[in-house]
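Take the sequences, apply the hints, and build the full model.
Take a look at the letters that make up each chain.
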Amino acid sequence: MFEARLSQGALLKKLLEAIKELVTDANFDCNETGIALQAMDNSHVALVSLLLRSEGFHPYRCDRGFSLGVNLNSLSKILKCAGNDDIITLKADDNSADSLSLCFESPSNERVSEYELKLMDIDQEHLSIPETDYEATIVMSSVEFQRICRDLMVISESVSIDVAKDAIVFSAEGEMGTGSVKLKQNPSVDKPEEQVTIELNSSVSLQFSLKYLMNFTKGTPLSDQVMLGLSENMPLLVEYKMDDAGYIRFYLAPKVGEE
Amino acid sequence: MSTFSTRNKKKANAPSSFENQLALLQDSESANAEKAHQVWTRPSVPNIDPNRDSIIFQQIEIDDTIDPESREPIIRMFGITEIGNSVLCYVTGFRPYFYIPAPIGFKENDLSNLQKQITRAIQPENSLKKPIERIELTFKESIWGYHGNKKSQFLKIIFSEVRAMNVARRLIEDGAIKYNERQLREMTFESNISYVLRFMIDCKVTGANWIELPPKNYNLRTNSLETSTCQLEIDIKYDRFISHPPEGEWSKVAPLRILSFDIECAGRKGIFPDPTEDPVIQIANMVTRQGEKHPFIRNVFTLNSCAPIVATDVIECYDQGKMLQAWRDFVIEVDPDVIIGYNTTNFDFPYLLDRAQHLNVKKFPYLGRMKGIKTEAKDTKFSSKAYGTRENKFINLEGRLQLDMLQVMQRDHKLRSYTLNSVCAHFLGEQKEEVHHSIITDLQNGNDESRRRLAIYCLKDAILPQRLMDKLMCIINYLEMARVTGVPFNYLLSRGQQIKVISQLYRKAFEQNLVIPALKSEGSDDQFEGATVIEPERGFYNVPIATLDFSSLYPSIMIAHNLCYTTLLDIKDIDKLGDVDYITTPYNNAKFVKVHHRKGLLPTILEDLLSARKKAKADLKKETDPFKKAVLDGRQLALKISANSVYGFTGATVGKLPCIEISASVTAYGRQMIEKTKQEVESQYTIANGYQHDAHIIYGDTDSVMVKFGVDNLVDAMALGREAADYVTRKFVKPIKLEFEKVYFPYLLINKKRYAGLYWTNPDKWDKLDTKGIETVRRDNCLLVQNVIETCLRKMLIDRDVSGAEEYAKKTISDLLQNKIDMSQLVITKALSKSDYSAKQPHHELAERMRKRDAGSAPTLGDRVAYVIVKSTKGAAAYEKSEDPIYVLENNIPIDTNYYLENQLSKPLLRIFEPILGDKAQSLLAGDHTRVVQIATPTIGGLMKFAVKTATCLGCKTPLSKKDTAVCRHCKPKLGELYQRQLDTVNKLEVHFARLWTQCQRCQGSLHQDILCSSKDCPIWYMRKKAQKDVQDANNLLERFNYAW
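Those sequence lines, one after another, are chains L and F.
Note that my numbering has the first sequence beginning at 1, numbered continuously upward.
Note that my numbering has the second sequence beginning at 10001, numbered continuously upward.
Be aware that a few hints might be false.
Keeping only pairs whose Cα atoms sit at most 25 Å apart, straight-line, the calculated PhoX-like set for lysine-lysine is [what the hints assert, rightly or not]:
id, chain 1, residue 1, chain 2, residue 2
1, L, Lys255, F, Lys11025
2, L, Lys118, F, Lys10920
3, F, Lys10615, F, Lys10737
4, F, Lys10676, F, Lys10731
5, F, Lys10656, F, Lys10508
6, L, Lys211, F, Lys10874
7, F, Lys10811, L, Lys118
8, F, Lys10676, F, Lys10204
9, F, Lys10591, F, Lys10772
10, L, Lys118, F, Lys10820
Quick caveat, the hints were computed from the structure, so don't treat them as lab data.
What you are looking at is a predicted structure, and each value in this text was computed from that prediction instead of being measured.
And the structure:
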C-alpha cells in the first residue's frame, strides 16, 4: 500500500510545471524514504532529478519500493484541477499498480474531488549524475536567475557563465549584438532576494544552451533561491530546494565547440 | 521473427550458392558435349553467291551517315542473319524531301524556275552544287481538317542531302525566297521528321523486322572494302530490298548476342571512385544468345592473379592498360548485338572510357561496329511528360543496342529503391550481397583468394541484369513495341511516347496520300477538363460490388465518333462544303464529319491496333510454345499501350501535332458515358422492374463504375454484372463496349482513387487482393506502414476478421512504443536530388550532417538517403530529427516512436478503419496498448558521458542499492525464476542471431567466410545488427546474477 498526503498541494503542481517540458514519460520511484524521479530529456542533454522526502508528507506510507510510470502531461492536466490550497493525497497499490489515484481536498474540507490516472509501464534505464564537489558554487535569487536567462535569450541561444573570485558574469553573443550581466558577491543577509554568494576553488568559464536553462527556470516558484554548481567540462547543476520537503535538480551538459 | 523463419525455409530448398549455379552451368554444357573452352567468335559465314542467294537478316539498328566521296546521305542497317552472322547493309539512293502547297496557278513548266530560285537561296549556306535533286508536282491532301475529300496541288521538293533540306525549310517558312517577284512563304509539310524515320516509313521498314536482299540486286563487299567489324557488308539501292512485315514466320527473333557486364573499381577510403585516380580491377562478362537460358560465355578479367572459378574463364592481367585492351578485344571478337548492365550508361562505360584515356590506351575507345569511329560519352537531357526529366550520358556504339537495366527499371516500374539488390529482390526474389566500395580495395590488395571472392561478386552483378531482363522479357517486349509502332529499337529508351504515334501517323498518312503539316510547337498551359469521377460513397461493403469497365475507352470513343484530324470540321467551311453530315461533340461545339464522308486516320490506326491486339490475344490462347507466347504477350501489351498513347498525342500541347478539339472531345464523351451508364444501370435494375433490389452506383472513375446490385452472393452479382454490361453496351455507338470484369467482395471504399477489395472473376476462388492508392507502395513511407496496412487489409478482406485486423494494428502500435519493431521497418528513403532545397528536408539535412561526420561515406547527389526519425527536443522539426539508421543502431539512439505513430501510421490506419469503425477508429491510436513504452538509453549525447547507470531490480525495476546486483530484497524469493527467464532470453536471442548470420552467409554463397555485406536495402542486415546488440545486452544482464552463487 502506498499513500502520501501533501498538505501544500501547490508544491506538486509547481513541480510538474517545472519538469513536464523536459520529460514526457517517467517513473516515480517510491520507497520508504520518499518519492524520486530521474529522467533525461529526449535529446539527452539535460537530466532532471527530483526528490520528495517522506518527511514532506503527512502521513507517508510505502511498504516496499516500486515505480509509478506516469505520462507527465496527463498528470499535469489532472493536477490543474486541484486548487492551489488543496491538500493532495496520492494512493496506489504497490504490488500491481495500474493506476494512481489522486484526491484533492479543499482547505475547509467542503470539496473533495477524486481522480484516477492510468499508469504506464515504462522500461527505461535508471540514470543519475554522481554527486561532485563543484569548483564553483553560487547561490542567488531564483527570480534574478530567471530574469537573466530571459534577457540574454534575446541576444543568443547560448550563454557563457564565467565565475571569478567575487563576481559571476553571464554573457551572450549573437547576430544582432552582445549582452552581459555581472553579479557581484553580495552576502547581504537582510535582503535575501539580492543575496549572491560565491564559493570558489578555481575560476570557471562554461557555455550552455539558454533554451534549456529557460526550461529549468520553470522551477523558480518552488524556491526563492537557486544554487548553481559549475566545474570545467562538467555538467551544470541547477538546484531548487524545497525546504525540508526535497529538491529538484537539473543537470545540463556544457556546450562544446560548434555544437 | 516469423517473416525471417519462413524466409529461411524457402531459402533452404533453393540452390545455396551462386558458385553452385555456375557449376551447374558447366554440367549442363558438358552434357551438350560442348567444349570446355568458350568460343568467342561468331559462326563463320557460309559461301554466298550474289547471283543466286538472297541474304535475309533481322535489322536491329538503323542510322545514317554521309558518303565521304559523293556526300550523299546513306542509310546503315545493322542486323543479324538467322544463323548468327552480323550484317551491315548500306542503303543508297534514298533522298530526304518535304512538301509545300503549290502556289496558286502553278504549272508543270514552272518547276525548273522554282528549283533555280530555291537553289540560289540555299547556296550561300550550303556549298553543294546541286542541293535540290528535283521538284515534283503531286496531288495530296493535308491531314488537318475535312475539306470535302478534295486533293490539292503540293510540291514535293527532293533534296540531295539533309542539311540542304533544313536550310530550305527555314527559308521557306520565313518567306526569304522570292518566286515570280512574289514572296514564297509557305507552311512546310512533313519536314520535321528525321531522315532515318522517313526512310523507314517510305520503305515500310519497321523496328527490328526482317529484311530480304534478293539475288542480283546487291553488292557483297569483299574484305578489302570492309569498313566495319560486321561479317557481311552489303550495298543495295533503297528500292531493291524486301521488308517483311513482322507477321507469321517473320515474327521470329534472330539469335542476338547479349553481353551483360559489370566492372569493379578500387576506390580510396571514403571517396567515390574517380577514373583519373582509381583503377578498374575487374570486369565480369556474361554473353547469352537471345532465347537461350544460360550464358555461353562467362568470364572475368582481373587485375593481378585470381584463383580459378568453376565454369568461368579467369583472364588474369598484370597491367591496367593491358586489361582494358584485352576487354576491348574481347568485346570486338564476341561482337555483341545488345549490351546490357546495371547503370552502365552512366557509370561503367564513362568510367572505362575515362580510365582508358587516362592510361592512354589509344585503341580502347573503339567499341562500336564501325571501324574508326570513336566511342565517347556525351551528356544528354531527356525530358518527357510521362517519364520526367533525366540527365543521362549517351554512349555511341554504332550497330549495337544498349539496354541499361537501371534505366529500364526507372522507366517502366515504380519501386521503393532502384539498387540492383532491391530490384532483384523484388523481381527475382533473390538477394545479393552488397560490398561497400571501400571494402573492394582491401579485397583487391589481399591474395588471389580474396580477389576470387571479389570476382564472384562481380560475376553475380554481371548475370543479374541478364536474369532481370529475361524475367521481365525486356528484349521481347521492346522488340514487339518497335515492330508495332515502327520506330527503331533505340528510340524506345531514348525517346518519349510521341515518336511512336508520329511513326504510325506518318505511315498511315503515306498510304492515304495525306501530308502532315510541320507545326511549330508552342507550349501552352491550356488545361481541359479531365475524366469524371462519380463521388464515392465511402464505406465498407460486405456485399459483392460488380465492376463494369469500358474496354479501351478512349480509343473506342475516337473510333465510334470518327474523331480525327482529317474529319475535323471548321464551322466556316460548313457552308462551303454544302451538304455534310457531322456530329457536334460535347466539347466547345467541335464538329467532326461522319464516317461515310471520310473515315478518320486515327480511327483507322486505332482499329488496326485493337484488332491486331485481339488477334494477338487469340493467338496467345492457342500458342503452346512458351517463347512464342512471350512474343505474343509482349505484342498485345505493346498494342494496348500504343492505342492509348494516341489520345495522349492529340492532347500533348507541346507535341508535334496537338489538336485540343480531339482530345477534349474524347474526355468530354468519356464523362458523358460514365454519367449515362450510372443512369441506365440505376433506372433499369430496380425493384420496380422486377429485380430483387435497387442497383446503386457507389463509385465511378474514368472508365469504370462500381455497382452495388444488392445481392449477397457472387454468382448473382456476376450474372447481373454481365447482363448490365451488355444492356448498357447496346445504348452506345459501336465499338464502345462496357465489359463486366470483376467483382469486389468485400470492398472497402476509402475515397476517390483509394480503395481495396478482394477481386473475384469466378465465384469459386478469389484472384487477388486489389488495392488502389493505399499506402503500400509510396516510398516516403516506411515499410512498417506498408506492412501494417497490407496485413490489416488482408485480415479484413480475405479473412473477414475486422477485429483481428484491429488487434493486429494495436499490437503493432504497442510493439512500436516498446521499441520492438525492427529498424528496417522504420527506415524512410528519399533520393537526394538538388543540392539546395528552399525548405529544409530531413534527408537533405541528414546528408549534410553525415558529411560533417565522415565526408567519405556520406550520400552524394542522386543517392537515396535512408533515415529514421529519432527523439529530440520538444517541438523539433522532422528535419532536425532525421538520423542515419546505422548510426542509430550503433549508438542506441532512441527512435521517436511518437513520430511514427502520429505522422506515419495514424492517417493510413484511420483511413482504412474509419469506413468500418467510424469514430471508434480513434481508439486504435490511444488506449491501454499504448501504455507500455520503452525508452532506450543512447551511448552518445551531451550528458551521457557524465551519467551513471543505476542498476534496477530485474524483478520490479526499483533502483537497487550498491550491494545488490540483480534484484531488490523484495524480489529475492523470485531470484531463481528470474535467472531462468533471463537465461531463456539469451538463448533465444543467440539462436535468432545465429540464424540471421547463416542467412547472410547463404546469401553471399559461402559458409566459411566472414560476411562483408552492408546492404542498406536488406531487412536481414538491420536485424542482424540489432540481434548482435541484443545478445550482448542480454548477456550483460545475465552476468549480474553472478554474485548470487
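Review point. Broken hints, numbered, in rising order?
Key: 1, 8 and 9
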